[in-house]
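Please take these sequences and the hints and turn them into a complete structure.
2 protein chains.
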Amino acid sequence: MPKTPVPPETEEFLQGPNIAVIATLRPDGRPHTVPTWYEWADGRILVNMDRTRRRLEHLRNDARVAFTVMAPDDWYSHVSFLGDVVEIREDPDLADIDRLSLRYRGEPYHNRGRESMTALIEPASWSGWGRFAER
Amino acid sequence: MPKTPVPPETEEFLQGPNIAVIATLRPDGRPHTVPTWYEWADGRILVNMDRTRRRLEHLRNDARVAFTVMAPDDWYSHVSFLGDVVEIREDPDLADIDRLSLRYRGEPYHNRGRESMTALIEPASWSGWGRFAER
Numbered sequence: 001m002p003k004t005p006v007p008p009e010t011e012e013f014l015q016g017p018n019i020a021v022i023a024t025l026r027p028d029g030r031p032h033t034v035p036t037w038y039e040w041a042d043g044r045i046l047v048n049m050d051r052t053r054r055r056l057e058h059l060r061n062d063a064r065v066a067f068t069v070m071a072p073d074d075w076y077s078h079v080s081f082l083g084d085v086v087e088i089r090e091d092p093d094l095a096d097i098d099r100l101s102l103r104y105r106g107e108p109y110h111n112r113g114r115e116s117m118t119a120l121i122e123p124a125s126w127s128g129w130g131r132f133a134e135r
Numbered sequence: 001m002p003k004t005p006v007p008p009e010t011e012e013f014l015q016g017p018n019i020a021v022i023a024t025l026r027p028d029g030r031p032h033t034v035p036t037w038y039e040w041a042d043g044r045i046l047v048n049m050d051r052t053r054r055r056l057e058h059l060r061n062d063a064r065v066a067f068t069v070m071a072p073d074d075w076y077s078h079v080s081f082l083g084d085v086v087e088i089r090e091d092p093d094l095a096d097i098d099r100l101s102l103r104y105r106g107e108p109y110h111n112r113g114r115e116s117m118t119a120l121i122e123p124a125s126w127s128g129w130g131r132f133a134e135r
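Heads up: the sequence lines are chains A and B, in that order.
Yeah, the first sequence ends on 135 if you go by my numbering, and it's all consecutive.
Yeah, the second sequence ends on 135 if you go by my numbering, and it's all consecutive.
Be a bit skeptical, because a hint or two may be false.
No distinction is drawn between identical chains; accordingly, a pair holds when it is met within one copy or between any pair of copies.
Stated by the list, open to error - Straight line, CA to CA, 25 Å or less: simulated DMTMM-like cross-link-like pairs of lysine to aspartate or glutamate: (1) K3 <-> D28; (2) K3 <-> E134; (3) K3 <-> D84.
Just so you know, the hints here were simulated from the structure itself, not pulled from any lab data.
Written as structure tokens, this is what we have:
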């Protein structure tokens with residue numbers, strides 16, 4: 001897999017409200033996957049979750065993640081990353097989840113009582129397919 | 001996560017040509033994700049890949065996988081599985097990849113020289129969201 005950064009046209013794609021799936025590691029080393037909203041933040045991947053989510057524990061226990069982004073109109077075209085969580089922080093005023101919700105849904109996040117947590121992923125390598133294949 | 005089997009309405013959904021992502025484990029234990037076609041085969045998940053794919057090595061090295069299936073019209077509605085690869089076999093006459101290609105693309109697989117390999121995953125537990133949330 002090529003090292004990051006990704007080519008400019010791939011980076012442009014990553015800024016859209018695309019379909020994404022994150023893989024984390026359970027304490028026993030088994031992978032776990034779930035779809036997620038994300039934001040491409042200057043070469044890092046921002047994700048947000050409720051404090052009660054098991055995958056927050058996974059990320060604290062083992063920072064290694066995989067991340068796949070697919071075009072909503074053509075999921076054959078996709079970009080997958082290997083990376084590490086480099087920061088986990090609270091999102092007390094829901095600024096991060098509201099930004100994600102506005103981008104994906106066009107409105108602020110519905111649950112104003114959410115205990116909102118944000119993780120930042122530093123991607124190290126990537127592979128692409130379809131419109132985003134490595135050249 | 002509830003144990004399998006999934007409820008009947010979820011099983012019906014799983015039989016469609018949905019978006020799917022598989023997570024495998026690299027030799028160093030790091031997760032790796034990639035979108036994939038799949039077939040729901042009597043409670044097992046059938047996937048197919050070219051013999052040269054790195055994830056075939058991953059599956060032979062460590063049978064533990066995670067698998068997420070998303071509705072094409074609403075990826076918020078999804079089902080995720082933990083499971084194990086229980087069989088890896090050759091697909092010499094391309095029967096498996098042709099069946100997948102017909103379901104997803106409406107035509108036989110284009111590359112008739114493919115060294116086609118099939119893996120069968122036995123899901124052990126699942127979680128659902130949106131239309132497929134656990135009740």
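Indices of hints not satisfied (ascending):
none
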